[in-house]
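Novice: The primary structure of each chain is shown beneath.
2 protein chains.
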Amino acid sequence: MKQVKVVLTEEEIPRQWYNILADLPTPMSPPLHPGTGQPLGPDDMAAIFPMNLIEQEMCPDRWVDIPEGVMEKYLLWRPTPLCRAYNFEKLLDAPVKIYYKNEGYSPAGSHKPNTAVAQAYYNKVFGIKKISTETGAGQWGSALSMACQMFGIECRVFMVRVSYDQKPYRRLMMQTWGAQCFPSPSDQTETGRKILAENPDSPGSLGIAISEAIEDMIGDENARYSLGSVLNHVLLHQTIVGLEAHKQMEKIGEYPDVVIGCAGGGSNFAGLSLPFVRDKIHGKEVAIVAAEPQSCPTMTRGPYAYDFGDLAMTTPLLPMHSLGHDFVPAPIHAGGLRYHGMAPIVSHCVKENLIEARSYNQLDTFDAGVKWARTEGYIPAPETDHAIAAVVEEAMRAKEEGKEKVILFNWSGHGLIDLMSYDAYLSGKLFNYDLPEEVITKAKETVAQYPKP
Amino acid sequence: MKQVKVVLTEEEIPRQWYNILADLPTPMSPPLHPGTGQPLGPDDMAAIFPMNLIEQEMCPDRWVDIPEGVMEKYLLWRPTPLCRAYNFEKLLDAPVKIYYKNEGYSPAGSHKPNTAVAQAYYNKVFGIKKISTETGAGQWGSALSMACQMFGIECRVFMVRVSYDQKPYRRLMMQTWGAQCFPSPSDQTETGRKILAENPDSPGSLGIAISEAIEDMIGDENARYSLGSVLNHVLLHQTIVGLEAHKQMEKIGEYPDVVIGCAGGGSNFAGLSLPFVRDKIHGKEVAIVAAEPQSCPTMTRGPYAYDFGDLAMTTPLLPMHSLGHDFVPAPIHAGGLRYHGMAPIVSHCVKENLIEARSYNQLDTFDAGVKWARTEGYIPAPETDHAIAAVVEEAMRAKEEGKEKVILFNWSGHGLIDLMSYDAYLSGKLFNYDLPEEVITKAKETVAQYPKP
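Chains as they are written, first to last, in our numbering: chain A, 1 to 453; chain B, 1 to 453.
Any given hint could turn out to be false.
It does not matter which identical chain is used: a pair holds within one copy or between any two.
What the hints assert, rightly or not - Only pairs whose alpha carbons sit at most 16 Å apart, straight line, appear in this in silico EDC-like list of lysine to aspartate or glutamate:
#1 K444 with D326
#2 K2 with E72
#3 K167 with D423
#4 K90 with E404
#5 K2 with E68
#6 K251 with E10
#7 K2 with E12
#8 K5 with D43
#9 K194 with D61
#10 K5 with E72
#11 K429 with D364
#12 K90 with E72
#13 K284 with D93
#14 K442 with D326
#15 K280 with E404
#16 K5 with E250
#17 K167 with D364
#18 K284 with D423
If you're looking for bench data, these hints aren't it; they were derived computationally from the structure.
These numbers were taken from a predicted model, which means no experiment stands behind them.
Please work from the sequences and hints to get the whole structure.
Specialist: In structure tokens:
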């Protein structure tokens with residue numbers, strides 16, 4: 001029998017996260033205080049995040065020990081298997097070997113718990129008793145709910161109202177894990193009440209939800225805020241994915257020619273790819289591909305600039321690819337990829353030509369996802385379908401060029417909670433969305449007001 | 001770090017299924033032809049099942065080779081890990097070690113693909129091009145849809161209308177895997193059309209759906225019917241679960257004092273437990289516990305007798321515990337446990353005191369399930385919650401008695417598609433259902449018409 005899964009024993013699981021800041025060939029531009037325009041200091045974030053996570057956000061060490069308390073929870077589902085997709089390969093009929101890391105095995109069904117558990121742990125150690133956060137489609141909110149429950153922390157999630165109403169399942173996951181989930185705008189905050197007074201039927205937005213989550217905890221010294229992507233410490237926690245994969249590939253004597261992940265805020269993509277970006281920095285030949293939606297082409301079309309992380313301009317100015325903090329993406333089903341910005345670390349690596357970004361339209365991604373489900377069994381999340389579309393493209397290229405290729409990608413999560421989107425696709429109700437050039441022009445104007453990184 | 005998961009490599013996966021018929025201390029009563037009252041011959045089933053599966057149904061061999069074509073698909077998710085539930089143990093604070101086999105890792109989210117893949121394979125080998133089946137909540141229908149897609153067989157699923165309307169997600173899984181799913185009663189069959197003509201709003205029933213599935217394929221020599229539980233060959237395929245678990249326990253030098261599974265038709269319970277029942281037959285001391293709903297207490301209160309497997313009396317007479325083929329269970333959320341009968345093999349083992357049956361009420365099972373989700377992360381299916389309730393009971397008993405105990409149970413599937421039931425539980429909208437003694441009296445009257453096993 002051909003080997004399908006490469007498993008690590010628990011003894012073999014990596015005991016440290018990898019911090020790429022220690023290896024970058026050029027230093028990253030710092031986040032800036034929006035008021036002063038000066039680099040942000042730890043104290044500027046102390047009201048929002050616990051100090052131990054702020055220190056980690058700015059940590060220069062290459063390797064960061066994974067605390068026992070985090071490892072204990074990781075072991076509930078980690079190490080995840082590295083699998084070879086023989087059936088999908090057969091369908092594509094190209095000279096490629098396709099390996100994927102199955103992060104859908106986690107209790108929440110995606111890679112998100114890798115950082116949720118770590119963040120809950122550090123908050124707990126710092127004495128925090130309540131965490132507030134926002135969520136769009138609910139992947140992040142559900143992962144954090146589970147993590148908070150495991151560490152005995154109260155969790156309050158502000159979920160964009162339109163998702164709260166249309167996608168009840170992730171909300172129900174949060175509640176099953178003991179969290180409180182509010183449709184945002186909510187009656188829990190000044191911001192929410194004001195918006196509801198003006199428009200009782202407001203569908204909400206991620207920007208409003210962030211503002212509510214921050215207002216909900218600010219001023220309470222036992223409470224903090226938590227973010228599921230974009231920031232350095234979030235990406236750090238996710239490197240457990242790539243470190244495991246690196247070890248698994250080594251075990252079978254393989255090394256990828258191409259490493260692929262889908263990218264919204266950048267966390268699952270960076271989680272898999274950063275350990276391979278490190279190899280590339282040290283001279284190894286490997287292509288690293290970030291797959292994003294054509295309707296939200298942050299890296300492929302957005303300028304690299306300082307911009308806010310949220311609509312309400314409450315975050316620091318971050319150096320990143322951005323479509324403008326007021327950009328409203330088309331209603332594609334890959335909710336986790338509908339973000340105007342991109343993690344500063346990923347953006348920096350794109351600028352340094354360490355990472356290549358490509359974009360895919362919605363119909364091609366679902367086409368790839370359905371083909372995957374019908375050969376490999378697992379139904380991918382709509383976000384993950386973007387990575388699979390990139391895999392298909394790589395395979396077709398290899399076929400044309402007659403070159404053998406080893407492809408590794410992050411199967412970031414399953415789509416069992418997103419089946420309505422497959423229904424829409426299969427019944428011909430999904431569309432592609434073109435992004436007019438004016439939007440890019442406007443994005444450039446927006447970020448032109450801020451300093452240049 | 002304490003070891004949480006015991007993994008098998010693919011080299012270590014069992015290559016044969018275990019057939020308990022070879023080890024039973026007393027022979028089982030045969031299925032009977034309802035017309036003649038005589039034991040059923042292979043030809044009596046030839047119009048319904050392919051001959052290679054009929055032979056397997058009656059096979060006397062202790063070990064049955066798993067074909068390469070089945071193994072290839074098993075390896076997409078098998079071997080599944082055996083996990084120790086340290087966090088749940090801590091919550092229970094009892095002198096027990098709790099191990100569970102996580103069958104929720106399969107693409108369909110339950111143990112059902114273990115037999116779906118095998119049945120699709122054997123049908124393919126026999127030249128079958130179309131399979132019809134019925135499904136209640138959809139676990140079986142979705143697993144078979146995936147398996148048929150993998151072997152290029154057309155799949156037509158008749159899904160009880162009330163589930164089709166209320167639980168769209170499993171139907172969407174079937175469609176994503178390329179199957180056709182019809183709300184039953186449907187316009188696809190004579191039976192369906194007749195019922196619809198009398199009552200256009202008929203909510204359907206499993207009995208109607210079975211009749212439709214059989215009518216849908218009967219007479220087409222390239223088509224067959226498929227069943228997801230109850231029959232010998234189905235239980236045979238599921239023994240892969242218990243054989244893996246047996247090997248995994250051995251690996252860490254453990255042996256269970258108690259083996260637990262929830263039981264509806266009996267397939268996941270038998271899958272885990274039969275290899276341990278074998279040990280028991282050969283003198284090993286081990287308790288084997290089947291957990292069923294108090295509202296559908298087939299083994300704990302139903303007579304052991306010959307009865308039909310379906311409402312329409314189209315199946316052979318099977319020797320089994322039964323609440324009467326016309327019994328309509330209360331609308332509990334564990335849809336997979338709402339079956340009037342029990343697999344003949346399991347029923348026989350209960351009669352032989354090899355297996356002990358216990359029943360649990362709905363609220364206790366959800367209480368156990370929520371506790372599990374909040375400690376171990378994974379949200380269990382409502383069916384699986386019954387096994388967890390039995391685990392809790394065993395742990396509390398061990399605590400009272402001050403005895404150390406090793407518990408092994410089958411975590412048969414996740415509850416991500418059943419979250420509405422958790423919502424109902426958490427908001428106080430779920431109830432227990434008492435089963436009046438009259439129902440049992442009536443069941444005894446029903447089966448009194450047929451021969452005695």
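Novice: Now look at each hint and say whether the structure bears it out.
Specialist: Tested hints:
no.: 1; hint: K444 with D326; result: within (12 Å within a copy, 70 Å between copies)
no.: 2; hint: K2 with E72; result: between (32 Å within a copy, 8 Å between copies)
no.: 3; hint: K167 with D423; result: both (14 Å within a copy, 14 Å between copies)
no.: 4; hint: K90 with E404; result: within (14 Å within a copy, 51 Å between copies)
no.: 5; hint: K2 with E68; result: between (36 Å within a copy, 10 Å between copies)
no.: 6; hint: K251 with E10; result: both (15 Å within a copy, 14 Å between copies)
no.: 7; hint: K2 with E12; result: between (23 Å within a copy, 13 Å between copies)
no.: 8; hint: K5 with D43; result: neither (46 Å within a copy, 41 Å between copies)
no.: 9; hint: K194 with D61; result: neither (44 Å within a copy, 73 Å between copies)
no.: 10; hint: K5 with E72; result: between (23 Å within a copy, 12 Å between copies)
no.: 11; hint: K429 with D364; result: within (14 Å within a copy, 43 Å between copies)
no.: 12; hint: K90 with E72; result: between (38 Å within a copy, 13 Å between copies)
no.: 13; hint: K284 with D93; result: neither (28 Å within a copy, 52 Å between copies)
no.: 14; hint: K442 with D326; result: within (10 Å within a copy, 68 Å between copies)
no.: 15; hint: K280 with E404; result: neither (20 Å within a copy, 53 Å between copies)
no.: 16; hint: K5 with E250; result: within (13 Å within a copy, 22 Å between copies)
no.: 17; hint: K167 with D364; result: neither (23 Å within a copy, 28 Å between copies)
no.: 18; hint: K284 with D423; result: neither (42 Å within a copy, 51 Å between copies)
When each numbered hint is compared with the structure, violations occur for hints 8, 9, 13, 15, 17 and 18.
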